[in-house]
Structures are given as C-alpha cells and as structure tokens.
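Peer 1: These are the residues of each chain, in order.
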Amino acid sequence: MYVPFVGEVPSDIVVAWIVSILLGAALLWWMTTRKKWPLVWDYITTTDNRKIGTMYILLAMVFFIRGGIDAMFIRTQLAIPENDFWVFQSQKYNEVFTTHGTVMIFFVAMPLLIGLMNIAVPLQLGANDLAFPYLNSISFWLFVSGGIIFNMAFFFNAAPNAGWTSYAPLATDTFTTGPNNNYYIFGLQVSGLGTIFTAINMIVTIIRLRAPGMKMTRMPLFSWATLVTSFLILIAFPVLTVALLLLMFDRIYGTSFFLGEYGDPVYWQHLFWIFGHPEVYILILPAFGIFSDVISTFSRKRVYGYTSMVIAIALIGLLGFMVWAHHMFTVGLGALANSIFAITTMLIAVPTGIKVFNWLFTMRKGVVRITTPMLFSLGFIPTFVIGGVTGVMLAVAAADYQYHDSYFVVAHFHYTMIGGTILGAFAGIYYWYPKMTGKMLDEKLGKWHFWLFIIGFHLTFMPQHFAGLNGMPRRVYTYTWEDGVFLLNFVSTIGAFLMGASMLIVLLNLYKTHRLTDPVGADPWDGRTLEWTVGSPAPEHPFQPIPKINSIDAYWYSKVERKKLPESEEPRPSPIAIQTVAPVLLAGVLIVMSIGFIYGWVWIQVMGGIAALGFFIYRVFNDERKAVYRKEEES
Amino acid sequence: MKKLVLFFFVIAFLSGCQMRVLNPKSDTADTLTNLIYLSFGIMMLVLIVVFVLFVAFLRKFRERGKAKFDIPPDEKENKWLEITWTLVPLLLIAILAVPTVKATYDLTSKVSGSAEGSQGDAMTVEVVGQQFNWKFTYENGKESYDELVLPVDQEVEFRLTSNDVIHSFWIPNLSGKIDVLPGEETRLSFEPREEGTYQGKCAEFCGAEHTLMRFETKVVSQEAFESWLEKE
Chain A
1 MYVPFVGEVP
11 SDIVVAWIVS
21 ILLGAALLWW
31 MTTRKKWPLV
41 WDYITTTDNR
51 KIGTMYILLA
61 MVFFIRGGID
71 AMFIRTQLAI
81 PENDFWVFQS
91 QKYNEVFTTH
101 GTVMIFFVAM
111 PLLIGLMNIA
121 VPLQLGANDL
131 AFPYLNSISF
141 WLFVSGGIIF
151 NMAFFFNAAP
161 NAGWTSYAPL
171 ATDTFTTGPN
181 NNYYIFGLQV
191 SGLGTIFTAI
201 NMIVTIIRLR
211 APGMKMTRMP
221 LFSWATLVTS
231 FLILIAFPVL
241 TVALLLLMFD
251 RIYGTSFFLG
261 EYGDPVYWQH
271 LFWIFGHPEV
281 YILILPAFGI
291 FSDVISTFSR
301 KRVYGYTSMV
311 IAIALIGLLG
321 FMVWAHHMFT
331 VGLGALANSI
341 FAITTMLIAV
351 PTGIKVFNWL
361 FTMRKGVVRI
371 TTPMLFSLGF
381 IPTFVIGGVT
391 GVMLAVAAAD
401 YQYHDSYFVV
411 AHFHYTMIGG
421 TILGAFAGIY
431 YWYPKMTGKM
441 LDEKLGKWHF
451 WLFIIGFHLT
461 FMPQHFAGLN
471 GMPRRVYTYT
481 WEDGVFLLNF
491 VSTIGAFLMG
501 ASMLIVLLNL
511 YKTHRLTDPV
521 GADPWDGRTL
531 EWTVGSPAPE
541 HPFQPIPKIN
551 SIDAYWYSKV
561 ERKKLPESEE
571 PRPSPIAIQT
581 VAPVLLAGVL
591 IVMSIGFIYG
601 WVWIQVMGGI
611 AALGFFIYRV
621 FNDERKAVYR
631 KEEES
Chain B
1 MKKLVLFFFV
11 IAFLSGCQMR
21 VLNPKSDTAD
31 TLTNLIYLSF
41 GIMMLVLIVV
51 FVLFVAFLRK
61 FRERGKAKFD
71 IPPDEKENKW
81 LEITWTLVPL
91 LLIAILAVPT
101 VKATYDLTSK
111 VSGSAEGSQG
121 DAMTVEVVGQ
131 QFNWKFTYEN
141 GKESYDELVL
151 PVDQEVEFRL
161 TSNDVIHSFW
171 IPNLSGKIDV
181 LPGEETRLSF
191 EPREEGTYQG
201 KCAEFCGAEH
211 TLMRFETKVV
221 SQEAFESWLE
231 KE
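Sequences listed follow chains A and B, in order.
The first sequence begins at 1 in our numbering and counts up one residue at a time.
The second sequence begins at 1 in our numbering and counts up one residue at a time.
Hints in this document: simulated from the structure, not taken from any laboratory.
In silico DMTMM-like links for lysine to aspartate or glutamate, alpha-carbon gap of 20 Å or less:
1. A:Lys559 - B:Asp74
2. A:Lys92 - A:Glu8
3. B:Lys231 - B:Glu143
4. B:Lys218 - A:Glu482
5. B:Lys68 - A:Glu443
Derived CB-CB ranges, DEER-like:
6. B:Gly196 - A:Ser20: 47 to 55 Å
7. A:Val9 - B:Ser221: 54 to 62 Å
8. A:Lys564 - B:Arg64: 27 to 35 Å
9. A:Glu261 - B:Asn133: 23 to 31 Å
10. B:Asn163 - A:Leu245: 27 to 35 Å
11. B:Gly196 - A:Pro81: 19 to 27 Å
12. B:Gly196 - A:Trp601: 56 to 64 Å
13. B:Asn133 - A:Tyr267: 24 to 32 Å
Keep in mind the model is a prediction, meaning the values are calculated, not measured.
Where is the CB? At the ideal position from N, CA and C, for every residue including glycine.
Chain A with its partners taken away, still in its complex shape (with noise of 0.2 Å):
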C-alpha cells in the first residue's frame, strides 16, 4: 500500500503541517476554555437557513485564505524576472496556480454566493426558511466534504497540477501520473452534489414559500437573480459531473474517452466549457441581484426599470448557455463556429449593459448614501466595466487568437469575477452582517477595506493586459528580461499584497465588531425588503404571522405611510427544523470513500459506499416531516 505522507517532502508543506497544528490547537484551547462547544455543537446540527449560510460564509473566507495566499505565492514568484522564490517552479507553481484557480471558483465564490442567498432569499420572499431544510444541511455539508477532499490534496503532497480547467490529455494518468488529479475530481464532484441540491431547494423555494401578495413581478432582484441562477446550475452542474466521471474513469479504469484512437481531447474542452461558462453567470448573476438591492436602498429609491432588469437577468442566463466555444477559439473548430460563437457571445454585453445603465438611472435623482455596502457596488459598477468590456474584446474570435490563453485573459476575468462578484459578495456580507449576527460591521474599516482591496485590485490586474499583449503566456512560472514585462508584473505583485494587507482589515473589523459594539435592531440601514422587518439576528421561523404584500418593495412604502404591513390570514406551509448529526456523518462517510478511489483502495470504496447507501436507508426510516403531515391530515 502507497502511504502518500512520508518520505521526501517539499519544505512549503512541512510549514503548513506545522502552522495548521498550531492554529488548530490554538482554536482548540479557545473554544474550550471559553466554552463553545455547546454553540459549535448547535451549528453543525442546525438545519436553520440563517446558521448554515453563516458558515457557509465562514468556511468561504477560510478558503479565501487559502487561495489568497496561493496567490501571493504566485505573485512572489513572478515579481521579478528568472525569479526562484522558495520552492514555486515548475510543477510546485502548477500545483499553486490549479488551486488557486479551483478554490477561488469552487469553494470561495460559490460558497459565499450560496451563503448569502440562504440568508436573504427565504427572508426577502417571507418565508420561514428554505423548502427543505435537512437537504440544506445535508448540501452544505457536501460542500465542506469537497472542500476538505480538495484541500487536503496539498497536505499529502498531492495537489492537482492540470489547472483548474483540467485539459485532457495532460490530466489524464498518462501525462499527470500520481493521485494528484484525483483529488480534483472528487473534492469537485462531491461539493458539485450539494451545489444541485441547493438550486433544488432554492427553486421550490422561491415557486411555493412566497409570502401571501409577494408575485413573481413583486419579487427583490436577488431572489429572481437566485432564481435564474439556480436554473443555471441545475443545468450546468450535471454536465461537469458527467465529464468528472468521464475523466475519472480516464484516470482509474483505464477507458479513453479522452486520449488514443477513439477518444478525443476536445470532448473535455466541449463538456468542461458547456458547464463553464454558464458557471461564471452562476457566479456574477447573484452578484448582480445583490447590487440592485444595495443601490436601491442606498439610493432611496425604486430600482430602475424593474422589468427590464429581470428580463436581462432572465437573457444572459440563457445566452449563457451558447457561448461555450468562445474559450475554444484556438482549437480550429473553423470559421463558421468561430463567428457563431463570437456574435452570441457579444450579445451578452447588449442585457448586462442594460442592466449597468438601470443602475445608473437608479441612482440619479436619489439621495445616494455612501455606506461600506454601497461603496463596493460604486466599485463594482466602472470595474465591471471595464471586464465587460475587455470581454467584448476577447469575443472577437480573430482578435482571440492574440489573448487567448495570455495574461490579457487573465486579466480580464479577474475584472469580470473580482469586480463583480467578490465586490458583490463583500457587497452583501457588510450589507446582510446584522440579519447574520445582530451586529453591524464598523463602517470606518469597512471603508478602508474597499479602498485597499480596490486600490490593489486594479494595480495587480490593469497591468496584466499590457502583459499579456506583450506576448505573456498565462500559467508560466518565470519570465525573461528580454520580454520586457518586468514593471507591469512588479507593480501587480504590488497590488496583490495590497490586496492581501486589505484583508487584514477585515480581520480587525470582525474582533471590533464582536467585542466593542453593541447588537443593532431590525432595521439598521433603512431597508426596503422584507429581511428587514424581522429582528437581527434572524430568528429561526420569523414571520410568524406571515405578512401580507401589496407592491414592490412593501416594507418601505409601509414605512413611509407609516402604517403597519398587514398580516396575512392565509398559512403557508412552514418547513420543519430539527437537530441532526446524520448529514455531518454523511459528508465524512464520502470523504472517506473519496479517499478510497483517489488510492485506489478498493476496500474503503467497498465500505465507503455501503455507509453512503445506508444513509439513504436511515433517511427512508426517518422523516421528520411524516410525523407533522400526519398530524396535520388528522386535525
């Protein structure tokens, strides 16, 4: 048997072995002896909407460590031209850049997005949590499962080295031998699970658990961008899982789907596209929902052409869906689809620029009130831009032949997933911080944070595009002086650990929050939507009676009759909570089948996945809701 952590081992990893020991001890003796087992306990049980996507969040910003320090090792790396930083050459820098790109996609953006609709989406609509709260749970849960399997790659000596994009033939066991890309496989298809079986719940959430008079047209634009966004990943999450387990069959049982006589690599480009694009609308649509709501309410104002917002919301997800070759414009699929594929792709930019101008006219004739959340939609809006734009650039396919793949790429998707959904996520944690935890972050350091993290945003990525038109690849470890990219790659490190430092900013804001202010009340920023009529923190089932809604934005006009919002005699039906161990149990029983395959240790599948199917059994047996319905029929 293959025993993956012992002999010689890169000094980067010894450090994190000792540095996670340490921190870890640390967070044991601080839970204990300040005695807050009972409160882990009741968080890592609770099926309440409000608890899971806190940690959701939570875990997001540990990952978010991870992949920021990932990138501060590039950028270290490439700050100086035939640079040898440590140990991040060849396939040591290949390992960083992959999980870089992974985590920073699959378990920061995602997480954190996912975190704040759990939040906010039951709360705008006036519902009482999400459709099915154990399948919450047990989705968030999947979540932390991938993400340990993931992480955990790089402690074994074992990180993934493909890229995140994983092009075959290079992952494949014929070029990249080892477990390493295994990791990937499985730290994705598991947390890939519990991202449908979110969507899942967040549809039948938003369709059945409305508030009585809360229509579809009546709905605030981050539930309808969760709404589309969901239809999104229902769609696309499946195809990724199918060329996962296409790749791991590849990699395992020896098929090729994707190498040798009948098998072609370009399969793995067409499926991993099919599910990737669509995936970074997955990631910026929720982002725009959060901008509508924070820059109408800053504004004091209706957002600006509601419907056409949603029919643009509604458009890209669907253009969205027939762009996926225009990453593929170098592979030679000829002229035709070239210039398919370019023209729908600038289509894109024709809903996304209504929905910036929307914003806009959103603002003008407002009272516009510069808050920490509003200042990072301020941000979003000219950053966003220019990612658009560069993106309008990019989908001129001839014009591609000359980015694709070089540091102007780059360059461009930072704008595009920094600008717009980092912005938006940190938008939307200052923003929904009271209904989270009853207390409001300190705006003096909020600001900072956004004027650091901007500032260092736009110094690490503007140079990147004259990088990139200057002939560098992306993806490369080292650079020469003749390629004359030294002082664009300077002042990106620069910004990067400006960045970096920012985020030290937030740390502090955290401890000044928690331990010198005092807990706000429901209503703090003068909200418009729902969430804002019940208490901070949300308790668990809130409205109860559940009110009854007459118009858009009904909490504000009621606010300035000042009348009460009416109640509503009808009921709706209110999910169960309850306390369980039984998905925690779940996401360790895959994690440790997931070891299993990555080893190929046919005994731990064999026992990995009976536990699994047990839990289906268990679950068959044990349903709360039965109990209730019953009850409920007999009354």
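Following the hints, put chain B in place on chain A, whose structure we already have.
Peer 2: Okay, now just chain B, sitting in the frame of chain A:
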C-alpha cells in the same frame, strides 16, 4: 482610483508601439492588430459614456446634509431611454461583428484548411510540439529544434501536430495562436514582412516545464534562408 486607471491607459498608449501583439510583422498579425484597435476604440466609447454618467450622477445626487431625510419621488422608467441603451449597443456590436466575421473567415480558412495540398507557392513547415520542445521540419527534410528560420516576404504554411498533450503555437509578432493537438493536424499560415528575431511560445499549459517551451523565430533574407537550409 480613476487617476490610477488613467495613468495606466496613458502608459499603455505610450508603450503600445512596443508591445509585441501591437507591433505586427506579418500580414496576419496586421489584420489582428487592426481588429484589436477597432474593438478597443468602440469599447472605449462605451467605457467613457458609462464613466461620465457614473461620475456625474454620483456628484449630483450624493447625500448632503440637508437631503438626509429626503425621500425622492418614485420614477417610472422611460421607454425611450430603455430602447436607446438596448439599440445603441446592438448597433455597436453590429459594427464590430462585420469585420470580426470577415477576419475570422479570412484567417481561419488559413488556420485549419482542408487536408488538400498547400495553396500557391507557400512554403510548408511541419511542426511537432512535444513536452517540452518544438521540432520544425522543412521541405528538404532539414530538421531544427526550438529554432524556426523563415525567409522574408514568403508565405509559409505550418502543419502542426503534437506527440503528447495539447500545445499552442504562438509568435505574437507574426500571428495568433493555433492549438497543436495530438492525433490531429492543424494549420496556420502567414507571410513575414520584416527581418528580425521574434519570440515564439507555447501558449497552452502542457505540464511541468510549459514555461520553458519556447522557440526563436528568425526571419531572414531569401538568400540567407537558402544557405541555412543547405547547411548541415
């Protein structure tokens, strides 16, 4: 922050003429550079409009002392405004789409043409990408590694294939990328217009030493090329 952005754009314009992609030395690269400038121009227009509106609205409608408790009246959306910002972008995209499609057809037929023989009097070079070097085979059977020598003002057609994983063939001064796939042949052609030495790179991540998978392209005079070709 705005000043910072502006600063970078100024830097970009000043150094634009030095950047390899914007410094074309072949017919193909020329077309691409023109397209890049066209799309950049149109997009700057959009960028400027958004930035101007953004700054103007923010300055005018920012909350000030006395407006603190104002509740702005609700506004109905203006149909004409909505139509404007739908149709104008569509129009801009149409303006961009026409040359895009034209260039894509012009260049792509060259890039991955049918398997028939080469057109006209183009010189053929067989390219094999492998971890982590490039092998070039000329018409007379001469082979070279990581060094590509081309005659100036002569159309050259590359037939590319890979021995292992996917690579991508890129000479920023001379042409865009074409992927190099195992078990398949892709094509690329261009006509170098100026003598000189240009960097060539692998642009598709291909494993441990992807970074080092570079080659040098020397564009030389016809005579120098002939004598190089005959040399053992």
